[in-house]
Amino acid sequence: MTPTPATALRRQSRARKAPRPPRPAPEPYRFPWWRWPGPPTFDDVCDALAFQYFLLDELLRSVRSAGWRAPTRLAGWRVADLLGHAITNAEHVFRMAHTPPSGDGSPIQDALDWYQGSGLFSSLIAEQARSVASSGSRARARLPELAGLHEVAASTAAAILRSGDPGLVLGGAASDITLADYTVTRLVEAVVHGLDLADALDRPGRAYGPAVRLVSGYFAALGERRGGGAIPRAAQITLAADGALVALHPRQPASVVPAISWIEAATGRRTPCCRTPTSGSPTCCRWSREPRRAGKEPRLEACFVTHHPPGTAEHAGTGSPRGGGFHLALEVDGDGAHPAAWRHSGRPPGAVLTPAAVRKVVAEAERAGFALVTFDDGPLPPNVGRPDREAGSQTDREADRQTDRQTDREPGSGAGPDAAGRIEAGTRAAYVSVVTDRVGLAPTLHVTTTEPFHLATQLASLDHTSKGRAAWVVGAANSEDALATVGGLPRTADALRRETADVVAVARALWDSWQDDAVIKDVATGRYLDVDRVHPIDFQGGDFTVKGPLITPRPPQGQVVVLAADALELDAEVDVVLVGHPDPFGIAARAKAARDAGAPLVFAEIEVVLDADVPAEDRLAALEAASHWPETGRLRHVGPAAELTELLIGLAEVVDGVRLHPAVLAVDLPVLTAEVLPALAAARLHRAPEPDRTLRDTLGLARPANRFAAAATTDAVRTAI
Amino acid sequence: MTDTNANTDLNTHVNTSTDVTASTGAPYDPHAQVHLGVFFTGVGPQLIWSDPSAAPHTEIETFVQVAQLLERGLFDAFFLGEGLRVRENRGRVYDLDVAGRPDAITQLSALAAVTEKIGLVATQNTTYNYPADLARRLASLDLLSEGRAGWNVVTTDNAWTGENFRHGGWLEHERRYERAGQFVEAAKALWASWAPDAVADGPDAATTGTWARAGAIDTVEWDTELVRLRATATVPASRQGRPVLFQAGDSDGGRELAARHADVVFSANIAYEKAVAYAADLRARLARHGRTADSLRILPGAAVVLGSTEAEAQDKARWVRDEQVSGPRAIAFLEQYWGTDLSAYDPDGPLPDIEPTDSELDPSRGTISIEHRTGKAERIRKWRELAEERDLSIRELVLEVQPSQRTFVGTPSTVADEWVHYVRTRAVDGFNITPHLIPSSLADIVDTLVPELQDRGAYRTEYQGSTLREHLDLPKEG
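Here the protein sequences come in this chain order: A and B.
Going by the UniProt record's numbering, the first sequence opens with residue 1, and the numbers climb by one from there.
Going by the UniProt record's numbering, the second sequence opens with residue 1, and the numbers climb by one from there.
Since the hints were made in silico from the structure, they are not lab data.
Check the hints yourself; a few may be wrong.
[Unchecked claim] Ranges between beta-carbon positions, derived for each pair:
(1) A:VAL435 - B:ASP358: 48 to 58 Å
(2) B:TRP319 - A:PRO670: 54 to 64 Å
(3) A:HIS628 - B:SER251: 54 to 64 Å
(4) B:PRO475 - A:VAL435: 32 to 42 Å
Being a predicted model, the structure only gives us computed values, none of them experimental.
We put the beta carbon where it would ideally sit given N, CA and C, even for glycine.
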């Protein structure tokens with residue numbers, strides 16, 4: 001059976017977790033030609049390659065047979081030929097793995113010299129590609145066959161490369177090369193031809209952020225080594241902090257080029273698009289092919305990260321695989337995600353419990369352009385609790401803090417060293433709902449410690465006060481201490497799952513219990529309501545029943561947007577699944593599973609510690625010296641903002657958005673605002689929500705039809721027949 | 001609701017006697033102040049929706065407009081009502097009144113952001129809430145409003161409402177105040193569980209200290225048949241200590257709960273003599289619980305219709321009453337007693353000639369007052385006699401007999417005189433106004449009645465404090 005990329009990734013992901021045999025070299029492999037900050041490790045290259053293959057497979061799966069014969073920008077090559085070439089490139093790994101070094105003492109090649117003299121598209125390569133391309137049996141079956149072939153070849157190749165010692169010397173056609181440098185050449189192939197294929201198929205050009213950074217650096221180094229000959233109009237190239245390339249042209253001001261565009265430019269496919277680093281403007285200019293005339297500014301044109309003609313849906317979209325944009329959510333609870341965040345908040349410890357603090361952080365998030373803020377919460381103080389692992393609850397974090405550091409305390413006995421205070425999330429969201437006008441507001445409400453009817457009423461009310469910007473992060477606190485607050489006991493995993501699904505179902509039914517047009521104000525008959533448009537729900541759950549209707553009219557959004565952690569396994573019941581996984585591959589696999597189960601949107605969870613006045617590593621060390629930040633199972637980024645941007649650009653290929661958990665809001669949020677969001681906007685990956693639109697509008701979610709209205713229509717039809 | 005007939009002209013009852021000290025249980029106070037709140041019920045027949053000037057009753061803008069208007073009028077508090085099931089008539093959703101209201105704490109948290117002074121009081125149920133959960137939400141509102149939160153403590157004893165909740169109608173009638181008392185005590189314990197200096201504030205706190213002082217936050221445990229919890233509060237005391245407690249129950253159990261725990265009673269006893277008797281009873285109970293007369297404010301519910309002349313006010317009051325008792329509402333009112341469909345009868349015609357069903361009324365559906373739960377046949381017999389004797393149509397009869405809010409009708413000056421008398425004799429400390437037309441009936445009060453009260457030295461000319469407890473001039477908590 002052919003493994004799907006998702007299962008292949010899952011396998012790899014598992015393999016990555018298994019303890020590896022110790023490598024002989026204690027130092028990570030270094031690429032001698034890498035000249036810029038943040039040298040990649042072999043693992044980085046392997047990760048990037050696996051991810052790039054995954055993206056290519058995703059792209060191929062979506063191709064209709066009509067695209068099969070489409071021309072590519074490589075003269076004379078059709079899509080099929082190019083795909084044949086991609087397969088050949090992956091299969092090349094099998095051959096290389098079995099070719100011993102020549103052993104004749106000739107110098108070992110590095111990745112930069114791999115293409116020296118060989119020519120990118122020699123007749124031999126073209127012949128191989130065409131032969132693979134025409135190997136299928138019948139024309140109509142070829143594309144799926146080739147796509148399947150690529151999947152197998154690519155996943156096997158990635159696994160072979162990863163399993164080897166990076167310093168191992170392999171025998172190349174012209175001279176020997178190390179496994180690590182050879183892997184770089186595979187990555188270059190995968191990225192460049194992935195962009196070619198996307199272009200030919202009229203899809204957005206996509207690449208995983210770290211892969212783009214690696215390949216950009218590769219071409220920059222290549223340009224330097226060849227004195228600019230291989231790269232048009234670029235005598236000198238440096239890699240900017242945000243991962244873009246800065247071209248120092250002798251007669252032009254320094255120009256920043258979005259990395260994907262640069263890769264295309266470096267391989268002769270595009271004229272680079274640029275902006276001056278000093279202006280910071282997201283507008284890109286395209287260098288004109290004509291020589292500049294005196295007194296004339298370069299013609300301003302749209303940046304072409306994606307190459308869709310204006311007016312098409314793809315053009316309007318922002319590069320998400322689902323075409324709905326890439327959405328940024330921010331967790332704004334307390335002083336930040338790190339337990340010791342309060343020590344670095346620059347304000348007195350108790351300030352977090354003031355309305356001014358609540359208003360400030362939400363206003364900052366709204367100004368920055370976040371689509372959504374979430375308000376974490378739980379029935380216990382943030383610094384106490386017990387593990388809720390099986391529940392995937394939002395209180396895991398507190399739970400872990402407790403178990404890590406307070407095992408000698410009586411459970412629930414109160415204050416640890418960190419913040420013990422927290423204003424209830426629903427009230428915080430309501431408080432800011434009338435002083436904001438575009439950001440979504442998502443409190444965490446727990447199904448186990450709140451009455452389902454109240455929970456549904458509170459969220460519906462929040463949707464009314466916010467004019468359609470309410471959302472709900474489903475919480476399922478299930479520790480002994482959490483349940484003790486309501487005189488209850490923890491549930492079994494199965495019972496909790498059932499109860500959580502029941503409460504979500506109750507809330508959704510109650511939100512429909514008033515039809516949109518239930519209030520009629522018919523003065524002639526004296527009727528304020530149409531009783532046929534207000535419905536009992538008669539919900540029968542596993543452990544409780546709810547009669548209905550809700551006491552509150554239908555929320556402006558119809559249904560409040562529901563978000564839930566992937567661990568709650570509510571993929572089909574919610575609007576947004578929040579995927580917490582420590583690596584992008586796991587995120588990609590879980591995202592795919594969520595989509596397959598019917599989740600409309602999938603967001604990745606990312607904890608961030610960014611370089612600020614103090615480097616991120618040092619900041620984290622200082623925080624950790626005060627309190628340990630337990631692993632939460634989420635991806636954690638510690639480093640420069642530019643690398644986070646790259647990570648997000650990469651993740652945009654597999655998820656519809658991210659929820660960021662800044663370690664310290666006072667420090668990390670300004671960096672996100674000043675650096676990451678503008679960079680994403682410049683890459684057309686992010687757009688701030690517009691005022692007075694509902695959160696569903698912002699997220700591209702349709703306003704659901706009312707189940708009772710639909711039923712009424714059916715009844716009417718039946719009666720008519 | 002009172003059983004007072006709204007058509008009574010109260011202005012003829014102004015009592016100028018000062019010899020009421022003994023009867024109200026508090027000395028005459030020539031400097032007594034009128035404290036005003038507005039009870040925004042959100043449902044019910046008293047709210048007129050058919051007039052073009054009526055603001056949309058479920059839009060947040062309406063709530064913001066009203067709260068800001070009342071703040072301009074220097075009111076103590078803005079109350080939201082609560083009903084946890086949509087009202088019904090004979091098993092169907094009742095369609096003649098304004099309906100559809102928000103969660104009170106959510107709504108008031110929003111209003112906290114766009115008001116600065118006015119108290120924000122949520123009616124919340126002790127029967128169908130978890131004590132720790134509700135206490136936490138109320139304390140959160142109190143922090144977000146910087147000490148302006150209040151809680152109107154109510155109970156529900158019917159299984160009909162319980163059908164919306166996990167436990168259903170689990171609490172028998174007699175025990176609902178027992179649970180309410182324990183509920184309130186547990187809430188108070190949670191609100192007092194943070195030591196005043198619990199949170200670090202020294203210059204070194206961030207570098208060397210802990211966020212909260214060790215041992216400064218107590219865990220509250222409660223383990224009885226009616227209330228069971230073990231919880232640690234997540235918020236400290238607010239600027240006013242804790243939310244101000246309002247209590248509305250008029251039964252013996254309700255009065256005891258008020259005397260033990262409440263800071264304000266939202267009483268139903270508005271007719272002057274009743275108000276005096278109620279005040280005396282309550283103050284006697286207070287003394288038994290070791291509390292002073294000034295530790296509890298009495299704010300009965302009241303309706304107000306103002307006119308620039310007496311005649312205009314009376315005209316307006318009649319119009320209001322006519323709007324409130326529309327033809328369909330009159331039919332619906334009788335249907336509850338007859339227990340059958342009367343929609344074929346003309347509201348302007350004679351009473352139904354058919355006999356009512358045998359079953360007694362179910363007052364739990366939210367549209368009927370509780371004292372009418374028995375004696376239906378006898379009541380209907382009296383109505384028939386009354387209608388015959390005075391040749392009343394269905395609608396005219398209902399106007400006569402339907403329980404309605406006691407209404408103060410008059411010019412701003414006459415109503416101000418009457419209110420000043422109420423407060424100086426200590427029969428009440430102010431009024432909790434139930435508006436009939438939003439926002440105009442409230443704007444009338446703010447713009448015309450408030451200045452009259454100020455002229456009499458019985459109403460503040462600016463907010464003296466910033467918390468609800470300060471507005472109500474209640475002693476400091478603890």
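Query raised in the report: For the pair TRP319 (chain B) and PRO670 (chain A), does the Cβ-Cβ distance stay inside 54 to 64 Å?
Result: 59 Å, holds
Query raised in the report: That 54 to 64 Å hint for HIS628 (chain A) and SER251 (chain B) (C-beta), does it hold up?
Result: Cβ of HIS628 (chain A) to Cβ of SER251 (chain B): about 55 Å, so the range 54 to 64 Å holds.
Query raised in the report: Range hint 48 to 58 Å: satisfied by the CB atoms of VAL435 (chain A) and ASP358 (chain B)?
Result: 57 Å, holds
Query raised in the report: Is it true that PRO475 (chain B) and VAL435 (chain A) lie within 32 to 42 Å of each other by Cβ?
Result: 34 Å, holds
The structure is consistent with each of the numbered hints, conforming to all of them.
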